[in-house]
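Student: These protein sequences, in sequence, are chains A and B.
Quick note, in this note's numbering, the first sequence goes up one by one and the last residue is 127.
Quick note, in this note's numbering, the second sequence goes up one by one and the last residue is 397.
In short, the hints are calculated from the structure, not lab data.
One should not assume that every hint holds.
[Stated by the list, open to error] Distance windows between CB atoms, simulated:
#1 B:Gly170 - A:Arg68: 43 to 53 Å
#2 A:Arg34 - B:Leu264: 50 to 60 Å
#3 B:Ile185 - A:Ser9: 48 to 58 Å
[Claimed, not checked] Now the stretches of chain A that chain B is said to cover, found in silico as 3 or more residues with beta-carbon under 8 Å:
#4 41-54
#5 114-123
We treat Cβ as the ideally placed atom computed from N, Cα and C, and that holds for glycine.
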Amino acid sequence: MKALVIDDSRVMRRIVSNILVEVGFETIEAENGRVALDQLESHGDVSLCCIDWNMPVMTGFEFVVETRKHPEWRNVTLMMITTEGEQDQIVRALAAGAHEYVIKPFTPEVIVDKLQFLGLVDVKESV
Amino acid sequence: MTLTAETFDFVATLVRQRSAIQLERGKEYLVESRLAPLARSAGAADVDAYVRGMRADITKHDIVVEALTTNETSWFRDLNPFTALRSTVIPDLQGKGRHQLRIWSAACSTGQEAYSIAMIIADNFPSVRANIVATDLAEQVLAKGRSGRYTQLEINRGLPAPMLVKHFERQGPTFEISSALRSQVVFRKHNLLDNPPAGGPFDIVFLRNVLIYFDVATKRDVLRRIRNSLAPGGYLFLGAAETTIGVDETWERLQLGASSVYRPREGKAT
Numbered sequence: 001m002k003a004l005v006i007d008d009s010r011v012m013r014r015i016v017s018n019i020l021v022e023v024g025f026e027t028i029e030a031e032n033g034r035v036a037l038d039q040l041e042s043h044g045d046v047s048l049c050c051i052d053w054n055m056p057v058m059t060g061f062e063f064v065v066e067t068r069k070h071p072e073w074r075n076v077t078l079m080m081i082t083t084e085g086e087q088d089q090i091v092r093a094l095a096a097g098a099h100e101y102v103i104k105p106f107t108p109e110v111i112v113d114k115l116q117f118l119g120l121v122d123v124k125e126s127v
Numbered sequence: 128m129t130l131t132a133e134t135f136d137f138v139a140t141l142v143r144q145r146s147a148i149q150l151e152r153g154k155e156y157l158v159e160s161r162l163a164p165l166a167r168s169a170g171a172a173d174v175d176a177y178v179r180g181m182r183a184d185i186t187k188h189d190i191v192v193e194a195l196t197t198n199e200t201s202w203f204r205d206l207n208p209f210t211a212l213r214s215t216v217i218p219d220l221q222g223k224g225r226h227q228l229r230i231w232s233a234a235c236s237t238g239q240e241a242y243s244i245a246m247i248i249a250d251n252f253p254s255v256r257a258n259i260v261a262t263d264l265a266e267q268v269l270a271k272g273r274s275g276r277y278t279q280l281e282i283n284r285g286l287p288a289p290m291l292v293k294h295f296e297r298q299g300p301t302f303e304i305s306s307a308l309r310s311q312v313v314f315r316k317h318n319l320l321d322n323p324p325a326g327g328p329f330d331i332v333f334l335r336n337v338l339i340y341f342d343v344a345t346k347r348d349v350l351r352r353i354r355n356s357l358a359p360g361g362y363l364f365l366g367a368a369e370t371t372i373g374v375d376e377t378w379e380r381l382q383l384g385a386s387s388v389y390r391p392r393e394g395k396a397t
């Protein structure tokens, strides 16, 4: 499965990518929403986007809104990963069509938990 | 990779002295899995090397005891039991005319399991009323559960975002669970070796990742007490690495999807 990691910080893209690769994804990256839309277009097989909120050129929120205008991307799972932790922002993102929301900082388990209940990775039970 | 007997004995003795928890031989996997992250972050080659390095350093002893005794807790932990609860267990109880469910979350820690159960019921079974008793030994974790307030890091662990926005409200740096859900959960101090807490008999008991800490005799004793606290037709959930099989044969195991659930066998109750 292919995941698109969207963040203007290269370090953060690396961190998120490493977590996703660990659980079996192939990842591609974009530094803002505009580049991410181009990537979605050129790679027809992206199943997950991990999206920062605040980025130059096009924000993650705008990216979610844009993506949801395209019926052909209906099956792409959208997960915000952002420092924006205000309740109304989470509500806005979900209402715009994001499936999940992770507030930074986070640990790898947080991402894996979310991917499990989104059905994108198998559930491994803890000891 | 297996631990040396020396490492295991040292850790088991340390944990017994500090917490009264018995780690018998055969629990090497538990020591291994709980200490591996500590070993990694300390840059040790493996758990053996880590333990060798920390033996003389008394300041590290607390961390090791804590790693072995603290129940990691997250929302909808392991997911499968909650799927079984929603898809089979509650519909079955409802079909038997039970619309007021008594549920016991044993060794509840800071309450995420109890509130996860409350959310499943609120979101899927509007006609079911839940009375959930959440128990633990430690007053500190009970107080936190009662407060219903969780940090951002705690909220991140396993709580689906749609449930977060539906059932929680942000209060400064913390998220507070709704008073409607909070009113369904009563937190009580309780020792599993005592008589069951008030609030039963229970339709559903969650006792997950607790039995692994006990020797066989204690496991039997705890399971007997749980059995006596269950209502007829009641269900018991254990942790994924736990079972009644080989410990107490008065239980039958049902496979519900990817989760196991236990019920007392007919006519064998004591």
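Student: Hints first: check each against the structure and report whether it holds.
Tutor: Verification of the supplied hints:
no., hint, result
1, B:Gly170 - A:Arg68: 43 to 53 Å, "holds (45 Å)"
2, A:Arg34 - B:Leu264: 50 to 60 Å, "holds (55 Å)"
3, B:Ile185 - A:Ser9: 48 to 58 Å, "violated (41 Å)"
4, 41-54, "violated (count 0)"
5, 114-123, "holds (count 4)"
Checked against the numbered hints above, the structure violates hints 3, 4; every other hint is satisfied.
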